[in-house]
Structure formats: C-alpha cells, structure tokens
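J.: Spelled out, the chains give:
There are 2 protein chains.
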Amino acid sequence: MPKEGITPRATDYSQWYLDIVRGADMADYAEVVRGCIVFKPTGYAIWEAMQRELDDRIKATGHVNAYFPLLIPKSFLLKEAQHVEGFAPEVAEVTRASGEDLTEPYVIRPTSETIIGYFYAKWVRSYRDLPLLVNQWANVMRWEMRTRPFLRTAEFLWQEGHTVHANEEDAERETLLILNEVYADFAETVMAMPVIKGLKTEKEQFPGALRSYSIEAMMQDGRALQAGTSHNLGQNFAKAFDITYTDQNNTVQYAWTTSWGVSTRLIGALIMTHSDDEGLVLPPRLAPTQVVVVPIFKNDAERSAVMAVVEQLTAEWRGKLRFKVDDRDNLTPGFKFNEWELKGVPVRIEVGPKDVEKGSVALARRDMPGKEGKQFVSQAGLTERITALLDEIQQNLFARALRLRENRTFDVFSYDELRAAVDKGFARCYWAGSREDEQRIQDEFRATIRCIPLEQPDSAGRCVLTGKETTQQVIFARAY
Amino acid sequence: MPKEGITPRATDYSQWYLDIVRGADMADYAEVVRGCIVFKPTGYAIWEAMQRELDDRIKATGHVNAYFPLLIPKSFLLKEAQHVEGFAPEVAEVTRASGEDLTEPYVIRPTSETIIGYFYAKWVRSYRDLPLLVNQWANVMRWEMRTRPFLRTAEFLWQEGHTVHANEEDAERETLLILNEVYADFAETVMAMPVIKGLKTEKEQFPGALRSYSIEAMMQDGRALQAGTSHNLGQNFAKAFDITYTDQNNTVQYAWTTSWGVSTRLIGALIMTHSDDEGLVLPPRLAPTQVVVVPIFKNDAERSAVMAVVEQLTAEWRGKLRFKVDDRDNLTPGFKFNEWELKGVPVRIEVGPKDVEKGSVALARRDMPGKEGKQFVSQAGLTERITALLDEIQQNLFARALRLRENRTFDVFSYDELRAAVDKGFARCYWAGSREDEQRIQDEFRATIRCIPLEQPDSAGRCVLTGKETTQQVIFARAY
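Chain order of the listed sequences is A and B. Mapping to this note's numbering: the first sequence position 287 is 324, numbers consecutive. Mapping to this note's numbering: the second sequence position 184 is 221, numbers consecutive.
Do not rely on the hints blindly, as some may be mistaken.
No distinction is drawn between identical chains; accordingly, a pair holds when it is met within one copy or between any pair of copies.
[Stated by the list, open to error] Taking lysine-lysine pairs in the DSBU-like style, the calculated list, with each CA pair at most 35 Å apart, reads: (1) Lys96 x Lys361; (2) Lys96 x Lys357; (3) Lys96 x Lys380; (4) Lys395 x Lys408; (5) Lys40 x Lys96; (6) Lys395 x Lys461; (7) Lys159 x Lys380; (8) Lys380 x Lys40; (9) Lys380 x Lys276; (10) Lys361 x Lys395; (11) Lys391 x Lys361; (12) Lys461 x Lys391; (13) Lys240 x Lys111; (14) Lys395 x Lys159; (15) Lys395 x Lys411; (16) Lys96 x Lys411; (17) Lys159 x Lys373; (18) Lys335 x Lys96; (19) Lys505 x Lys335; (20) Lys40 x Lys395.
Simulated from the structure, these hints should not be mistaken for lab results.
Based on the provided sequences and hints, a complete structural model is requested.
T.: Spelled out as structure tokens, the structure:
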C-alpha cells in the first residue's frame with residue numbers, strides 16, 4: 038500500500054520527487070519570487086552538513102575563503118566571448134537604486150569568474166603571488182524558465198573556487214585535485230553516492246573554459262545528474278581581465294586560472310540517490326538527526342518508567358551521536374514513526390513498558406523499511422551497536438546505489454543499442470563523432486555525452502555512430 | 038617613530054582605520070561596484086570565526102537556520118508603513134531579467150522581515166506551531182551614500198533571526214534572550230569588547246518595531262558603535278502580513294514577532310576596539326592564527342638545527358593552537374615580525390641558533406608591542422605557557438577596553454557638560470526630553486541617544502535638558 042502523500046516512484050517519478058521534498062518539509066515554493074524556493078530548516082540543515090564537510094576538504098587542500106560582490110557590472114560579462122553567450126540570456130539586472138536609474142546596470146552574479154578576474158588582475162603581480170587559491174560560499178542567480186526544488190532554481194547556494202597559477206600544468210593539477218580529492222571523495226564517502234569522474238566534451242563544457250571536468254551520478258530513474266564541475270579555464274579569463282604576473286626571468290606572462298563549484302542541487306541528487314516510497318533516506322554522515330527515540334506509554338506510570346530508561350540510554354550519546362527524543366504528548370507512536378520516516382532519520386529506537394521490563398529496545402533502520410529492518414536488541418551495548426549500524430547503513434546505501442548504476446549501465450555498439458540504453462540508464466560506448474554528431478544524438482534521443490570517463494579501456498573499438506576506430510569511450514545519458 | 042604605512046591614531050583616526058584594514062590585507066575596494074568591498078581572506082577568516090561562535094549560541098538557544106529568497110517583490114515593502122519609510126530610499130531594484138522588463142520589480146533584500154513574514158503567514162496555523170525560531174545567514178544590500186570598509190558598505194553579510202510567538206511576553210523574552218545570551222555574551226567573551234545593553238528610544242528604533250534593543254560599544258576615539266540589535270516587532274508585521282494562529286480556545290489571534298541581527302560591521306568594531314599604531318590586534322578567541330613561529334637562521338646548518346626545534350615544539354600544538362610557521366626563505370625576520378604585527382597575530386615565537394643552544398625561545402605578545410611584551414622563556418612547558426598567555430591576552434584586551442570606556446564615560450548634569458562630554462566619549466545623564474528635544478541635540482551636537490541602559494540608577498535626578506525630574510538615564514554619544 039503506498040504511503041499517504043507519497044506517489045510511488047514507479048507511478049510517477051517526477052511527482053514522487055516533489056512528494057519527498059514536501060513530506061520531509063525541506064522547501065517551500067516562493068511563488069511570489071519567480072523560480073525561487075525557501076530552504077526550510079530540514080532542507081537547509083542538510084546543506085549546512087554538506088558545507089562543513091566540503092569546507093574542511095577545500096581548506097585541507099590549501100584554499101582559503103573570501104567574499105566578492107553580488108553585483109557585477111554588465112559590461113564585465115561581455116569581456117569573454119563564450120562566457121557572455123552562455124550566461125547573458127539568463128541574468129537578472131539591477132537598473133535602479135535609491136529611486137534613480139543607474140548609468141550602467143549591474144547583473145546579479147550567475148557565477149563570478151568575471152568579477153573575481155577583475156580583482157585577481159589587481160592582486161597578482163609576481164610569480165611569488167602564485168598559486169592564489171581562494172574559495173567563496175555564496176548565492177547566485179540564473180533566471181531559469183523551468184524550475185524544480187533544489188535541482189533547478191533561479192537563486193541557489195553554492196561554493197565557487199577560483200584559483201590562479203603560473204602555468205598550464207599547475208592549473209590542470211588543481212582542476213583534477215578538486216575533482217578527485219574534494220568532489221568525488223565527498224560524493225562517495227559522505228553522500229554515499231557513487232560518481233563517474235570524467236572530461237566534458239567541448240559542446241558541454243563551461244562557457245569560457247579550456248577543459249571542464251565533472252562528476253556524474255546516476256539517479257534511481259537511470260538519468261544522470263552532474264554533481265560538481267571543475268574547470269581549467271586556460272588563459273581565457275586571464276586575457277579577458279589582464280591577469281598577468283612577472284616570472285623568475287622578469288618576463289610578464291598571462292596567468293592560468295581555474296574555477297570549480299558544487300551547489301544546493303546536491304540536495305536533489307541526495308534525494309534521488311537514496312530515498313524510497315516511504316520518504317527521504319539520509320546517509321548517516323549527513324543526517325542532521327541520526328537517531329530518533331520514540332518512547333511508548335499509555336499512562337503516567339508507564340511514561341515515567343519509559344522516560345527513565347530513555348534518559349539513561351541517551352545520557353552517553355551526547356557528543357557521539359546526533360539524536361532527538363520525540364516525547365510529544367498529543368501524537369501516537371504510529372504518527373511519529375511515519376513522520377521520522379518521511380524525514381529520513383537513519384535509525385529509530387522505540388522504548389515501551391515491555392522493553393523496560395526486558396532490558397530491550399526496538400531498533401529500526403531506515404534503509405530497510407518495515408519488518409526486515411526492525412529487531413529487538415538489548416539495552417546493554419546499545420551505543421556501540423548504533424554506532425556500528427550507522428556505519429553499516431552508510432556503506433549499504435553506497436553499495437546499493439553502485440549496484441543500481443552497474444545494473445543500468447550498458448555497453449552499446451550500435452545506434453539502436455544506444456537508443457534502447459538511454460531509455461534505461463547509462464550507455465557506455467566508443468565515440469569518435471563530431472560536435473554535430475553529438476548534437477544529432479541529443480536531438481534524436483534527448484541524451485548527451487555526460488563525460489569522457491578518466492578511466493578508459495585498454496583496447497580500441499569502433500565508434501557507435503561513425504564506425505571509426507577509436508580508443509575513447511564516453512557515457513551517453515539523459516540528464517537532470 | 039610611526040610604523041610605515043600606519044597613520045597614528047592621534048594624527049588622523051579615520052585614516053588610521055583605513056591603514057589598519059590595508060595593512061592587514063583585510064579588504065579591497067570594489068570601485069567597479071558602488072559602495073561594495075571584497076572581503077579578502079584575512080578579513081573573511083575573522084567573519085568565519087565570528088559566525089561559528091554566534092551560530093553555536095543561536096542554536097544553543099533553540100533556533101534553526103533556513104534560507105529565504107534574495108529578492109523581495111517591491112510591493113511587500115509598502116505593507117508596513119514605517120518599514121517602507123525606513124528602507125525604500127536605499128534599495129537596489131531588479132527590473133529586468135533574461136533581457137525582458139519585469140512586470141513587477143523586485144528589490145534586493147535590505148532586511149527580510151517582509152519576505153519572511155509572507156512565508157510565516159503560510160506556515161503558522163496553530164498555537165502548536167509556536168514559537169517558530171529561525172535564523173538566516175545572508176547577504177543584504179542598502180544603497181548607502183557614504184561607505185567605509187566593514188562599517189558601512191552597500192552589500193554586507195549578516196545573520197538575521199526571525200521568530201514568531203503567541204503573546205507579547207514570549208516575544209519580549211526572546212528579544213532579551215538574544216540581546217543578553219547571544220549578542221552581549223559573544224561581544225564580551227569572544228570579541229573582548231565590553232558593551233552596554235539598552236533600549237533604543239522611539240526615534241532610533243527599527244522601522245516597524247514596537248521596541249528595539251541594542252548593544253553599544255565604545256571605540257577608541259570615544260564614539261559609539263551599535264554592535265547588534267534585537268527587536269520586539271509587536272504585532273506590526275503580523276498585521277501587515279496576516280500572521281495569525283488559532284489559540285487553545287480556538288480563537289484566531291495575531292502573532293507577535295521578533296527580529297535581530299549582527300553583521301560584518303562587527304569586524305570594524307573589532308578593529309576600532311583593540312588595534313594600535315602598529316597594526317591590527319586580534320583577541321585570541323577570534324584570531325585565525327593565534328601563534329606565529331619565526332625561525333631565524335643565517336645558513337643551512339643553522340636552518341636545520343632551528344627547524345628541528347620548531348618541528349618538535351609545534352608537534353604537540355596540533356588540535357590545541359591555531360598556528361603558522363613562517364619559514365619563507367627570501368624575507369628577513371624583521372620583515373616577518375612587521376607583517377604579523379600588521380595582521381594582529383596574538384603571540385609570536387622566535388627561534389634562533391642561540392635558542393637551540395639554550396633551550397629557550399623568544400616570546401612576544403601582540404597586545405604589548407616592543408620590549409615590554411617580549412621575553413625569553415624555556416622550551417620546556419611552552420605549550421602550557423602559550424595557552425595561558427592567550428587567555429591572559431583575551432582578558433587584558435577586555436580589561437583595557439573597559440578601562441577606556443570607564444575613563445571616557447561622563448556623568449553630566451547640564452547642557453554645557455553634555456556638549457563637552459560628547460566631544461570626548463559617552464555622556465550619561467537623566468533624560469525626560471521629547472523626540473524633538475532629542476533631534477535638537479542631534480542637530481546641535483551631532484550626538485544621539487545610543488540607548489536607555491537596562492541597568493538604571495536607584496534614585497531619580499533632573500533631565501539634563503528640561504530639568505524635569507525622572508528616574509531614566511540615557512547614554513548620549515556620537516556614533517559610527
């Protein structure tokens with residue numbers, strides 16, 4: 038029987054997603070501000086947990102945080118030809134302030150390469166100033182036509198790293214360091230979301246980049262979600278904004294820059310990687326509440342006996358586990374179980390009068406709903422048991438997502454196989470086509486090359502479209 | 038002899054402030070974006086440290102974080118009469134997006150009571166939904182005419198709390214909880230900045246508030262700086278946005294709301310509370326780097342002997358102290374000392390070849406520049422010594438700032454004494470004047486009533502202006 042308020046995935050995946058967001062109380066539609074959402078406390082707490090983990094990794098790899106202006110002179114966008122083409126159509130413009138028309142309008146940053154490039158040109162003088170390794174946590178705005186909570190909203194939150202280097206090799210090393218050590222590591226170990234690391238094709242790369250890399254994850258419906266990007270911008274922005282430095286031989290050189298970002302769309306990725314028809318499922322490392330305790334009683338005597346045990350059990354959890362005791366009076370246990378399932382809390386502990394007698398508790402794991410994931414265990418050693426279980430759930434979620442991806446990734450060798458594969462998941466194939474060929478497949482199958490995986494086969498094969506021999510494999514998929 | 042690049046406070050206080058900001062590399066002027074600054078890594082790191090401390094206190098008092106839209110429909114500002122009067126003159130407007138004119142313009146939030154009020158009206162239904170205790174970390178924009186780094190910029194960063202309560206008593210308790218337990222506690226124990234807690238006069242209160250409270254600090258030039266505000270908004274915004282709830286008797290009631298905020302202007306307050314003519318001075322609890330180690334050597338043999346000691350000493354600091362080892366090759370020790378003084382690092386350790394022989398180090402404290410604050414101490418027990426010294430510096434900075442405020446606070450009993458006092462610092466006096474009287478003093482002396490301190494005298498006295506007997510004392514001062 039489907040859960041009330043949650044459309045099953047098999048019935049309508051798209052509606053299921055919206056039901057999960059509403060059921061867990063993660064966001065509200067800001068219908069009065071076009072395309073925007075409110076990040077409600079439950080949704081925002083997940084972003085805070087992501088921020089802490091990402092920020093630790095960004096700092097551990099030598100970066101520092103800074104903050105640059107929200108507004109960018111409109112003329113700045115025009116300085117890099119591809120960049121303006123990519124972003125000008127979707128910017129919001131500030132044209133008036135203090136009741137007067139501005140002589141030059143500003144745009145609200147859709148991304149900050151241009152404004153940061155302007156400052157870097159002032160700050161970078163000598164090879165001694167390099168590398169310059171700065172990150173920013175900020176809101177950005179892209180006036181999207183179709184919006185969807187977390188996945189695509191006009192305003193969203195993100196981090197954007199912007200670095201400057203002396204040469205191509207250093208810039209490339211930085212770009213890949215972020216892809217591997219920060220983004221892929223975070224996605225897999227913290228989000229429990231397996232990702233494919235790869236290079237974007239020229240058609241799909243960031244407007245103004247020399248080379249773009251991404252991590253791509255498979256959602257439960259088989260579609261791809263680009264979960265993070267890292268760009269080697271070459272000397273394109275350095276030339277547009279005149280970021281130069283004097284090298285050891287006293288020669289003035291254009292610098293090399295990179296940029297890289299992940300955003301609140303990761304919350305959408307998290308939902309579509311792990312959640313089920315019962316509601317949100319959160320990996321323990323990101324769950325704002327890892328354990329909820331529901332005391333069960335029918336009268337005051339039972340209540341005080343049960344609560345005494347609950348207090349004793351939770352006393353040693355402080356500083357070790359993130360937990361909540363749900364002792365609300367006016368609600369039934371069933372109502373509470375349902376609510377915490379909807380909110381994705383990884384472990385639920387139930388304590389009733391019988392448990393008080395027997396020295397037991399009921400322990401339910403969210404990644405296995407229903408009877409399968411529920412057992413009665415001793416109160417003795419409960420803390421260690423929960424700690425181990427949280428690890429197990431984290432591993433299980435990753436393994437399950439990886440299995441899904443492996444089951445839905447198809448090696449394809451013909452046009453027809455490609456067409457069939459992208460209906461179900463990822464199509465992996467040899468590719469030697471042109472940009473036009475790529476566009477043609479997009480037009481016909483609504484699938485794009487998600488990436489050229491960093492991990493490539495040892496032997497050559499024939500391009501799925503042109504039949505040309507090539508050593509390059511790519512992943513085609515429909516994408517969010 | 039004045040330090041190069043730092044104008045002494047006595048010569049030009051205003052220029053000194055700008056020199057400190059530049060000397061510590063805290064900010065850059067965003068001359069291409071009117072009135073904005075870049076928060077450079079050194080400045081932003083201080084804000085990050087402040088955020089962590091404030092966020093802990095905000096959460097410990099029962100609040101959760103959320104995020105609301107940057108843009109507010111312009112019409113929303115008009116719904117609360119005083120609010121629009123206060124903020125409409127200084128908003129930036131978004132009138133175009135995706136290349137088209139918008140039918141209704143948006144303003145970039147100058148503060149979020151209106152947009153948050155709109156959502157709270159949807160979320161609050163029953164007394165069971167109350168209190169609603171939410172905080173937001175965000176950027177805001179007020180198109181100011183005169184700007185000054187950190188103290189007054191068009192865009193700034195802040196937190197804004199917005200809460201909903203069932204009645205006046207609960208709202209008032211919340212307003213004072215934030216003032217006392219969050220803001221005053223943070224200012225005094227973390228920033229080492231003594232503050233006076235008080236009520237704002239009607240003339241000085243937040244546009245739309247029932248009652249505004251603030252914490253007021255004295256800067257080294259005797260002027261006041263409002264370091265945080267907490268507002269009981271009464272039912273004003275509840276009525277403007279229709280925030281109602283059904284009470285226990287099934288009657289629909291207007292709710293009571295509060296709002297409260299502190300911003301990056303605290304960085305300006307921090308500078309003007311502690312810094313000196315040698316540069317920035319940071320209290321240890323907020324210093325991104327608490328200890329800098331400068332190894333001193335003339336050749337490779339000395340270098341390796343010194344660095345061995347440095348590594349041994351710092352090995353046990355990890356996780357206990359925030360420290361840096363400045364082993365840059367191409368700079369003299371004197372250059373390094375100067376740079377770390379400019380950046381306000383609380384403790385400097387110097388290790389040279391003689392220290393290696395003697396088992397000693399030189400230890401210099403930033404709050405006492407020059408010989409007075411420098412001593413040679415044993416390498417044995419250094420970690421404990423530094424930990425204790427950091428506490429001592431934190432206490433000393435607070436005590437020094439408190440002494441300054443006490444020396445520059447004058448009890449005044451006449452109009453002439455008031456005039457003389459506000460030239461030097463705070464004037465404390467009995468006050469029973471009208472709003473017009475307050476305006477008159479502002480026009481004549483450029484001083485305003487900073488607050489009516491929560492701490493009031495036991496006995497009555499005569500109003501400094503009208504001579505009427507009253508029990509109410511106020512603080513007059515010139516303010517930033």
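J.: Are the hints correct? Go through all of them and say.
T.: Results of checking the hints against the structure:
Taking identical chains as interchangeable, the C-alpha atoms of Lys96 and Lys361 lie at most 35 Å apart whether they share a chain (31 Å) or sit on different chains (14 Å). Taking CA atoms no more than 35 Å apart as the test, Lys96 paired with Lys357 passes in both settings, with 24 Å inside one copy and 18 Å between copies. Taking the shortest alpha-carbon separations for Lys96 and Lys380, both the intra-copy value of 31 Å and the inter-copy value of 20 Å come in at or below 35 Å. Proximity of Lys395 and Lys408 under a CA criterion of 35 Å is satisfied intra-copy only: 20 Å inside one chain copy versus 70 Å between copies.
In this homomeric assembly, Lys40 and Lys96 come within 35 Å of each other (Cα to Cα) only across copies, at 33 Å, whereas the closest approach inside a single copy is 43 Å. Neither within a single protomer nor between protomers do Lys395 and Lys461 lie at most 35 Å apart by alpha-carbon distance, with minima of 50 Å and 74 Å respectively. Taking the closest pair of Cα atoms, Lys159 and Lys380 come within 35 Å of each other only across two copies (21 Å); inside a single copy the shortest separation is 48 Å, beyond that limit. In this assembly of identical chains, Lys380 and Lys40 lie within 35 Å of each other by CA distance solely inside one copy; the values are 13 Å within and 58 Å between copies.
Proximity of Lys380 and Lys276 under a CA criterion of 35 Å is satisfied inter-copy only: 33 Å between copies versus 49 Å inside one chain copy. Proximity of Lys361 and Lys395 under a CA criterion of 35 Å is satisfied intra-copy only: 23 Å inside one chain copy versus 56 Å between copies. Proximity of Lys391 and Lys361 under a CA criterion of 35 Å is satisfied intra-copy only: 22 Å inside one chain copy versus 57 Å between copies. In the homo-oligomer, the alpha carbons of Lys461 and Lys391 never lie at most 35 Å apart, since the shortest distance is 48 Å inside one protomer and 73 Å across protomers.
Taking identical chains as interchangeable, the C-alpha atoms of Lys240 and Lys111 lie at most 35 Å apart only when both belong to the same chain, with a minimum of 25 Å there against 39 Å between chains. In this assembly of identical chains, the alpha carbons of Lys395 and Lys159 never lie at most 35 Å apart, being 71 Å within a copy and 46 Å across copies at closest. Taking the shortest Cα distances, Lys395 and Lys411 sit within 35 Å of each other inside one copy (17 Å), while across copies they are farther apart (66 Å). Proximity of Lys96 and Lys411 under a CA criterion of 35 Å is satisfied inter-copy only: 32 Å between copies versus 40 Å inside one chain copy.
Taking identical chains as interchangeable, the C-alpha atoms of Lys159 and Lys373 lie at most 35 Å apart only when they sit on different chains, with a minimum of 23 Å there against 57 Å within one chain. With identical chains, the CA atoms of Lys335 and Lys96 are at most 35 Å apart between copies only, with a shortest distance of 33 Å across copies and 52 Å within one. In this assembly of identical chains, the alpha carbons of Lys505 and Lys335 never lie at most 35 Å apart, being 74 Å within a copy and 64 Å across copies at closest. Taking the shortest alpha-carbon separations for Lys40 and Lys395, only the intra-copy value of 32 Å comes in at or below 35 Å, while the best inter-copy value is 75 Å.
Checked against the numbered hints above, the structure breaks hints 6, 12, 14 and 19 and satisfies the rest.
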